[in-house]
Amino acid sequence: MEQIKSVSEINARIEKGKAVVMTAEEVIGYVERKGLEAAAKEIDVVTTATFGPMCSSGAFLNVGHSKPKIRITEATLDDVEAYAGVAAVDLYIGATQLPVNSPKNSYFPGEFRFGGGHIIEKLVRGESVRLFARSYGTEDYPVKEISTEITLADLNQAIMTNPRNCYQNYNVAINSSAETLYTYLGALKPNFGSIGYSSAGQLSPLLNDPYYRSIGIGSKVWLAGAPGIVYAAGTQHSPDAERGENGVPVDGAGTLGLTADMKQMLPEFVRGVSIKGYGVSLSLGIAIPIPITSLEVLKWCTVRDEEIFAPVIDYAVDYPQATGKMLTRVNYAELRRGEVRLFDRLIETGSFSSYEKALKAANLLADSIRAGEFTVNAPVMSLPTQGSSRPMKIVPPQGV
Amino acid sequence: MVTKRLLFFFPRCETEKPIVYHLVKDFDLEINIFRAKVTPDEEGYLVLDLTGNEANIDKGIAWLVGFGVEVREQDKGLRWDQERCVSCGNCIPHCPTKALRFEEDKRTLGFDGAKCIVCLNCIPNCPYGACSSMF
Chain C
1 MEQIKSVSEI NARIEKGKAV VMTAEEVIGY VERKGLEAAA KEIDVVTTAT
51 FGPMCSSGAF LNVGHSKPKI RITEATLDDV EAYAGVAAVD LYIGATQLPV
101 NSPKNSYFPG EFRFGGGHII EKLVRGESVR LFARSYGTED YPVKEISTEI
151 TLADLNQAIM TNPRNCYQNY NVAINSSAET LYTYLGALKP NFGSIGYSSA
201 GQLSPLLNDP YYRSIGIGSK VWLAGAPGIV YAAGTQHSPD AERGENGVPV
251 DGAGTLGLTA DMKQMLPEFV RGVSIKGYGV SLSLGIAIPI PITSLEVLKW
301 CTVRDEEIFA PVIDYAVDYP QATGKMLTRV NYAELRRGEV RLFDRLIETG
351 SFSSYEKALK AANLLADSIR AGEFTVNAPV MSLPTQGSSR PMKIVPPQGV
Chain D
1 MVTKRLLFFF PRCETEKPIV YHLVKDFDLE INIFRAKVTP DEEGYLVLDL
51 TGNEANIDKG IAWLVGFGVE VREQDKGLRW DQERCVSCGN CIPHCPTKAL
101 RFEEDKRTLG FDGAKCIVCL NCIPNCPYGA CSSMF
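If you're matching them up, the sequences are chains C and D in order.
Each residue of the first sequence is one higher than the one before, counting from 1 in my numbering.
Each residue of the second sequence is one higher than the one before, counting from 1 in my numbering.
Think of the hints as simulated: they come from the structure by calculation, not from any bench.
The C-beta atom is built at its ideal place from N, Cα and C for all residues, glycine as well.
Hints are not guaranteed to be accurate.
[Stated by the list, open to error] Lysine-lysine pairs mimicking DSBU-like chemistry, simulated, CA-CA at most 35 Å apart:
{"hint": "1", "chain 1": "C", "residue 1": "K360", "chain 2": "D", "residue 2": "K98"}
{"hint": "2", "chain 1": "C", "residue 1": "K34", "chain 2": "C", "residue 2": "K5"}
{"hint": "3", "chain 1": "D", "residue 1": "K115", "chain 2": "C", "residue 2": "K325"}
{"hint": "4", "chain 1": "D", "residue 1": "K37", "chain 2": "C", "residue 2": "K360"}
{"hint": "5", "chain 1": "D", "residue 1": "K115", "chain 2": "C", "residue 2": "K189"}
{"hint": "6", "chain 1": "D", "residue 1": "K106", "chain 2": "C", "residue 2": "K263"}
{"hint": "7", "chain 1": "D", "residue 1": "K98", "chain 2": "D", "residue 2": "K37"}
{"hint": "8", "chain 1": "C", "residue 1": "K122", "chain 2": "D", "residue 2": "K25"}
{"hint": "9", "chain 1": "C", "residue 1": "K104", "chain 2": "D", "residue 2": "K17"}
{"hint": "10", "chain 1": "C", "residue 1": "K325", "chain 2": "D", "residue 2": "K106"}
{"hint": "11", "chain 1": "C", "residue 1": "K34", "chain 2": "D", "residue 2": "K25"}
{"hint": "12", "chain 1": "C", "residue 1": "K189", "chain 2": "D", "residue 2": "K17"}
[Claimed, not checked] Pair by pair, the computed Cβ-Cβ distance ranges are:
{"hint": "13", "chain 1": "D", "residue 1": "D112", "chain 2": "C", "residue 2": "E373", "range": "36 to 42 Å"}
{"hint": "14", "chain 1": "D", "residue 1": "D49", "chain 2": "C", "residue 2": "T323", "range": "47 to 53 Å"}
{"hint": "15", "chain 1": "C", "residue 1": "T235", "chain 2": "D", "residue 2": "G129", "range": "27 to 33 Å"}
{"hint": "16", "chain 1": "C", "residue 1": "P190", "chain 2": "D", "residue 2": "Q74", "range": "53 to 59 Å"}
{"hint": "17", "chain 1": "C", "residue 1": "A371", "chain 2": "D", "residue 2": "E54", "range": "55 to 61 Å"}
{"hint": "18", "chain 1": "D", "residue 1": "R79", "chain 2": "C", "residue 2": "D79", "range": "52 to 58 Å"}
{"hint": "19", "chain 1": "C", "residue 1": "S6", "chain 2": "D", "residue 2": "M134", "range": "30 to 36 Å"}
{"hint": "20", "chain 1": "D", "residue 1": "K17", "chain 2": "C", "residue 2": "Q321", "range": "44 to 50 Å"}
I would like the entire structure built from these sequences, with the hints used as guidance.
Put into structure tokens, the structure is as follows:
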């Protein structure tokens with residue numbers, strides 16, 4: 001891959017306020033008009049983005065030491081349990097955690113109106129949340145119970161730390177059964193009556209960098225408005241996924257572990273999600289810059305929705321039973337059109353990710369790069385380019 | 001003949017009147033009710049299509065307004081909160097009349113109150129709580 005610009009040359013232009021920045025949507029038409037070589041000389045950065053439910057998200061909160069002190073062993077935030085097995089006053093609130101007394105799916109389908117994702121949204125909005133904490137008491141931490149109100153401003157640190165975001169590609173869900181099916185991709189109508197999908201397609205970060213050449217561990221990201229980084233390959237990172245001729249995976253594939261300071265986030269891009277019959281989650285807006293250092297890097301950024309294919313999977317049978325069966329593949333241009341022709345009929349599509357919000361995130365990041373406020377970098381380490389997610393091994397208990 | 005889709009809001013004291021009967025009999029209107037909540041001694045709501053001669057529709061509405069019924073043309077009882085909506089489009093397959101649909105740009109969600117039949121399917125199908133019912 002022949003380098004045409006270095007990251008430091010690009011940053012020098014950003015710092016002078018002279019960088020040419022485009023979103024992954026704009027760049028498609030621009031390269032078509034100008035040609036790849038001319039465009040690559042001109043463009044410094046392409047901004048990619050996504051907005052949608054990102055399970056496997058959460059935040060470390062340091063709530064400060066009480067006087068006298070408590071070594072928290074159990075904690076809830078507005079009745080949603082936060083993990084306290086970290087340190088005396090460090091908690092981790094996970095996006096999918098439900099309130100202690102949630103009826104869940106007892107009266108099916110459950111509504112799941114509130115949970116960890118909503119706690120994170122409330123904090124980012126500046127609203128207060130009730131912390132209830134317990135301990136067994138020690139000589140140095142004598143307090144056994146505390147109930148108080150906390151806001152984001154009160155916390156010493158609120159570090160959003162997400163083990164898996166930005167799935168490179170994702171399943172398209174359909175329902176072969178005769179009943180409505182409640183899934184994390186929405187309520188699917190019976191008899192193949194509707195389709196659920198979730199990806200920003202041509203805007204999505206890892207679909208614009210299929211082999212992880214520009215985005216890697218240490219890459220700077222825009223996490224809901226806050227400057228953050230990729231701290232690891234995300235959980236279930238599976239670069240061995242099948243790929244099309246353009247190198248773009250036709251299955252889930254790569255993922256990113258992301259972190260950023262919650263105190264700098266914009267509430268518009270941090271949204272609790274309630275999914276009927278399924279549970280709660282957190283939607284995030286994420287934008288990632290790609291420095292245009294070579295022709296190849298720019299070429300990958302010109303990928304279009306019609307060139308990105310995703311597997312259609314039956315969530316009534318094949319997904320829950322993990323049969324590995326796929327019905328067919330469809331592309332994101334078809335999905336975004338609102339109707340897909342499958343099995344000789346038109347099936348309506350519903351999306352869980354928002355292209356509009358993703359585009360807004362890509363534009364906000366592009367604006368701050370143009371303004372010289374956000375520089376780019378090369379990864380500190382590459383993401384693994386080989387490997388896949390293994391299924392769970394089941395070992396029955398012995399001697400009981 | 002014209003059809004108007006309207007929402008009637010009854011104050012507490014007026015839920016006893018057989019107003020549908022009077023609209024049919026006195027004003028010669030055809031009535032198609034989509035949704036109603038009328039409980040004695042409480043406020044009441046009615047979402048319906050009125051079909052008939054335009055002058056009769058106007059007279060019927062004037063009669064209703066005359067004893068304190070609020071008649072709303074835009075507001076059909078389904079509230080769509082544009083601030084909470086993220087334009088994901090998860091509601092679209094669940095909206096039978098395409099009142100909720102993407103605008104021309106294929107990415108911004110819009111709500112057309114005139115097409116809404118207040119089936120309320122959108123409420124449980126919005127992950128962000130953008131849709132709610134007035135009653």
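Now the hints, each set against the structure:
1. K360/C <-> K98/D: 25 Å, holds
2. K34/C <-> K5/C: Holds: K34/C and K5/C sit about 18 Å apart, inside 35 Å.
3. K115/D <-> K325/C: Cα-Cα ~40 Å, so violated.
4. K37/D <-> K360/C: Given that 35 Å is the threshold and the Cα spacing comes to 41 Å, the pair is violated.
5. K115/D <-> K189/C: 22 Å, holds
6. K106/D <-> K263/C: OK: K106/D and K263/C at ~33 Å, within 35 Å.
7. K98/D <-> K37/D: Within the cut-off at roughly 24 Å; holds.
8. K122/C <-> K25/D: Violated. K122/C to K25/D sits at ~54 Å, over the 35 Å cutoff.
9. K104/C <-> K17/D: Between K104/C and K17/D the Cα gap is close to 43 Å, so the pair fails against 35 Å, i.e. violated.
10. K325/C <-> K106/D: Cα-Cα ~31 Å, so holds.
11. K34/C <-> K25/D: 71 Å, violated
12. K189/C <-> K17/D: Not satisfied, since the Cα-Cα distance of roughly 41 Å exceeds 35 Å.
13. D112/D <-> E373/C: 36 to 42 Å: Distance hint for D112/D, E373/C holds at roughly 40 Å.
14. D49/D <-> T323/C: 47 to 53 Å: 48 Å, holds
15. T235/C <-> G129/D: 27 to 33 Å: 28 Å, holds
16. P190/C <-> Q74/D: 53 to 59 Å: 34 Å, violated
17. A371/C <-> E54/D: 55 to 61 Å: Holds, at about 57 Å.
18. R79/D <-> D79/C: 52 to 58 Å: 27 Å, violated
19. S6/C <-> M134/D: 30 to 36 Å: Cβ of S6/C to Cβ of M134/D: about 59 Å, so the range 30 to 36 Å is violated.
20. K17/D <-> Q321/C: 44 to 50 Å: 58 Å, violated
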